[in-house]
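Each protein sequence line maps, in turn, to chains A and B. Residue numbering for the first sequence follows our numbering, beginning at 1 and increasing consecutively. Residue numbering for the second sequence follows our numbering, beginning at 1 and increasing consecutively.
Treat the hints with caution; some may be incorrect.
[What the hints assert, rightly or not] 25 Å max Cα-Cα, derived BS3-like pairs, lysine-lysine:
id : chain 1 : residue 1 : chain 2 : residue 2
1  : B       : K176      : A       : K50
2  : B       : K32       : B       : K50
3  : B       : K50       : A       : K176
Everything labelled a hint here was simulated from the structure, so no lab data went into it.
Below are the chains, spelled out letter by letter.
Protein chains: 2
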Amino acid sequence: MADISQDELDDIYAFAVNLGKEAGSMLLDAAKLRIGDNRATQEQKEHVQKENAVDLVTETDEELEAFIRKAIAEKYPLHKFVGEESYSKGASRDYLIDDSPTWCIDPLDGTVNYIHLFPMFCISIAFIHKSKPLVGVINAPFLNQFFSSCSGRGAWLNESQQLPLIRNPIPPMPEKAPSGCVFSCEWGKDRRDIPDGNMHRKIESFVNMAAELGGRQGRGGMVHGVRSLGSATLDLAYVAMGSFDIWWEGGCWEWDVAAGIAILQEAGGLITTANPPPNEATAPIEAVKLGSRLYLAIRPAGPSSTETARETQERTVREVWRRVRNLDYSRPGA
Amino acid sequence: MADISQDELDDIYAFAVNLGKEAGSMLLDAAKLRIGDNRATQEQKEHVQKENAVDLVTETDEELEAFIRKAIAEKYPLHKFVGEESYSKGASRDYLIDDSPTWCIDPLDGTVNYIHLFPMFCISIAFIHKSKPLVGVINAPFLNQFFSSCSGRGAWLNESQQLPLIRNPIPPMPEKAPSGCVFSCEWGKDRRDIPDGNMHRKIESFVNMAAELGGRQGRGGMVHGVRSLGSATLDLAYVAMGSFDIWWEGGCWEWDVAAGIAILQEAGGLITTANPPPNEATAPIEAVKLGSRLYLAIRPAGPSSTETARETQERTVREVWRRVRNLDYSRPGA
Numbered sequence: 001m002a003d004i005s006q007d008e009l010d011d012i013y014a015f016a017v018n019l020g021k022e023a024g025s026m027l028l029d030a031a032k033l034r035i036g037d038n039r040a041t042q043e044q045k046e047h048v049q050k051e052n053a054v055d056l057v058t059e060t061d062e063e064l065e066a067f068i069r070k071a072i073a074e075k076y077p078l079h080k081f082v083g084e085e086s087y088s089k090g091a092s093r094d095y096l097i098d099d100s101p102t103w104c105i106d107p108l109d110g111t112v113n114y115i116h117l118f119p120m121f122c123i124s125i126a127f128i129h130k131s132k133p134l135v136g137v138i139n140a141p142f143l144n145q146f147f148s149s150c151s152g153r154g155a156w157l158n159e160s161q162q163l164p165l166i167r168n169p170i171p172p173m174p175e176k177a178p179s180g181c182v183f184s185c186e187w188g189k190d191r192r193d194i195p196d197g198n199m200h201r202k203i204e205s206f207v208n209m210a211a212e213l214g215g216r217q218g219r220g221g222m223v224h225g226v227r228s229l230g231s232a233t234l235d236l237a238y239v240a241m242g243s244f245d246i247w248w249e250g251g252c253w254e255w256d257v258a259a260g261i262a263i264l265q266e267a268g269g270l271i272t273t274a275n276p277p278p279n280e281a282t283a284p285i286e287a288v289k290l291g292s293r294l295y296l297a298i299r300p301a302g303p304s305s306t307e308t309a310r311e312t313q314e315r316t317v318r319e320v321w322r323r324v325r326n327l328d329y330s331r332p333g334a
Numbered sequence: 001m002a003d004i005s006q007d008e009l010d011d012i013y014a015f016a017v018n019l020g021k022e023a024g025s026m027l028l029d030a031a032k033l034r035i036g037d038n039r040a041t042q043e044q045k046e047h048v049q050k051e052n053a054v055d056l057v058t059e060t061d062e063e064l065e066a067f068i069r070k071a072i073a074e075k076y077p078l079h080k081f082v083g084e085e086s087y088s089k090g091a092s093r094d095y096l097i098d099d100s101p102t103w104c105i106d107p108l109d110g111t112v113n114y115i116h117l118f119p120m121f122c123i124s125i126a127f128i129h130k131s132k133p134l135v136g137v138i139n140a141p142f143l144n145q146f147f148s149s150c151s152g153r154g155a156w157l158n159e160s161q162q163l164p165l166i167r168n169p170i171p172p173m174p175e176k177a178p179s180g181c182v183f184s185c186e187w188g189k190d191r192r193d194i195p196d197g198n199m200h201r202k203i204e205s206f207v208n209m210a211a212e213l214g215g216r217q218g219r220g221g222m223v224h225g226v227r228s229l230g231s232a233t234l235d236l237a238y239v240a241m242g243s244f245d246i247w248w249e250g251g252c253w254e255w256d257v258a259a260g261i262a263i264l265q266e267a268g269g270l271i272t273t274a275n276p277p278p279n280e281a282t283a284p285i286e287a288v289k290l291g292s293r294l295y296l297a298i299r300p301a302g303p304s305s306t307e308t309a310r311e312t313q314e315r316t317v318r319e320v321w322r323r324v325r326n327l328d329y330s331r332p333g334a
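Could you build all of it, start to finish, from the sequences and the hints given here?
This is how it looks when you write it as C-alpha cells:
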C-alpha cells in the first residue's frame, strides 16, 4: 500500500471537513424538526408526531450514514468504508480495518442524548491509513462545536482555536495526578447486576478515582471532578481540548473513537488500553489498538521541571491503572 | 410586603437578561484570556501566566459578583442581594432569603469546569420575591446557551425556543420511569471514604438508578443514561429543557439553584426534596425549600392517557425516592 502524501491528506481533510459540516447541518435540521421548528412542513410535522423518538433516531442515523457513504464513494471510490449502521447490519463481526485507506464513521454518536435532545451528540468522521487515524472530524451542531484534525496540520476547535486550548505553555499533568484532574467516564449500557460484572467493576474504579487521598486502602485518587456526558466521541474531543485530563472506558467500537483518537493524538494526547497490564508499574505504554474496545486517554501535556511531557502522561497512566479494574469487553466472534 | 405587578416583573426580567448577557461576555473574555486569545494585551498575558488557574478563577468570580452587585444596587437600591462570594466572606451562615425582593447570584457556577475550560460553566442570576424565584437567567457563554424565564412569560433557550423543547405535545414521564429517563447526578466535593458517608450513599443511589430492572433487590431503575456535568445550575437548565428527566442532588446552596428553579418551574417542571420522607409512597410532594440543600427535580411533562401531567411527575418522584438514600447535608449553624 503506497504512502499518502501531505498534499493528498490535505485534500482528504478538506473533503472531510466539508462533509462533517453538511452532515452536521442535516443532523441539526432533524433535531429542530423534533423541537417543532416553524420551518418544518406540515408533512414533516405529522411524520414526527407519528413516529416514536427511537424510530426517528434510527431513521436519522441511517439517512446520515447513507449520505456520508455516498459522498465518500463518489469522491474516493477505492477507499474502504466502515460505518456503525452498515456494520450492525453486516454479516461479519470481525474487526474490519486493515492497512487500506479506510473511512470510519459514526453518523450519530450520543444516541441517547439525541433522543432526549441533550446537546452532547455529534457526527464522527475519521480517515484511517495503515491502521492509523490520520484525519478526524467531530461535529456537535447543537453545541456549535466543530473539532477537526489532520496529521501534520494540528487539531482545532471551530477551525480557529488550536487544541489543546491552554498552550502558552501547555501545562504538565498535575504532580499528584489523578488528584487535580477532571476524570471522564461513562456508565454505559451493560447494567447487569452480577457480582464482579462490568457495571460493578466500573463503579469500583470510579469510586477509587474519586475518593479522598488515603481512602480506599490507599487507592483514593481525589480527582477534581467526575464527568459523564454519554458520548465517547465527545469525551475524546474534550480530552484533546485539555478540558478533561483522563478518560477511561470499555465497550466502545472503532467508529465511536476513530475520529476522537485522530484529534487527540494530533493535539499531543496519549491513548492506551483501559485494562492494567500485569506489571502495571513498569509495562511499556503502547498506543491503543483501534479495535480493542478498551481505552485510556490522557490529555496533551507539556513538560514539568523534572519530566518530559510524555513522562507526565505515562506517570498518570500508571496512577490510573493502579486504581481501576480490568473490564470484560471482547469482540463478538473474536 | 407589596405584591409585584407583571409590569414591574417584566422590567426586572429585561434588566436581568441584559445583566446576564453583559456578565456572560465578561466571563467569556476572562476564559479567552486564559486560552491566550490574540486580542489580549501584553500586560494581560503576563498576568495570566503569573497567576495559577485557581487564583485567576477566584479573581474572575469576585470581579463578576462585584459587577453584578453594583449594577443591581444602582437599579434597585432597595432590593436585597445574596451572592456566593459575599456570603462566603460574611459573618452569617444563616439562610438569608426572606420575603423581601432579593437577588440571588452565582457569578460562576461550575468552577472546576471553568478552571479546566470544560464548557459547562455559567452565570446564574435569580430574582426572588416572597421566597419564590420569579425570574431566572443562566448564561453559559462558552456553550452559546442562554436560559431565561419570567413568571407568567415562559422559559426560554436563547430567547427564541420555548422550554421544554419538545412541546407539541410535551410527553408524559415514561410509564416505567426511571426506566427510559436520563438521570443527572453529581459526585460533588464530599469524597470522604467513611462507611455510610455521603459519597457512599450517593453511589449506592446512583447504582440503584442505573442497574437493570430486577437487579439490586428490585431497586434497579435501568435509567436510559447517567450524566454528570459538574454544574448544578446547568443540570437544572437541562431538566427545564426536557433533556434530563431527573436530577437528584444534595449539598447545593441557594445561589446554585435559584435561577434554575425559576426556569424549571416556569417551564412546568417539579422540584421537591432529595431525601425520601418516611412514608415515601404516600407523603404529599411539596415544593422544595430553597435553602434546604436537598433537591429532586423532574422535567416538564404532559398528561398520559390515564394520568395528569402532575401525576406522571409525582409517580416518578416516588420511584426515585424508593431507590435513593437520605443524604446528610445541613446548613452550618442550622
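Here's how the hints hold up against the structure:
1. B:K176 / A:K50: With a Cα-Cα distance of about 21 Å, the restraint between K176 (chain B) and K50 (chain A) holds, given a limit of 25 Å.
2. B:K32 / B:K50: holds (16 Å)
3. B:K50 / A:K176: holds (21 Å)
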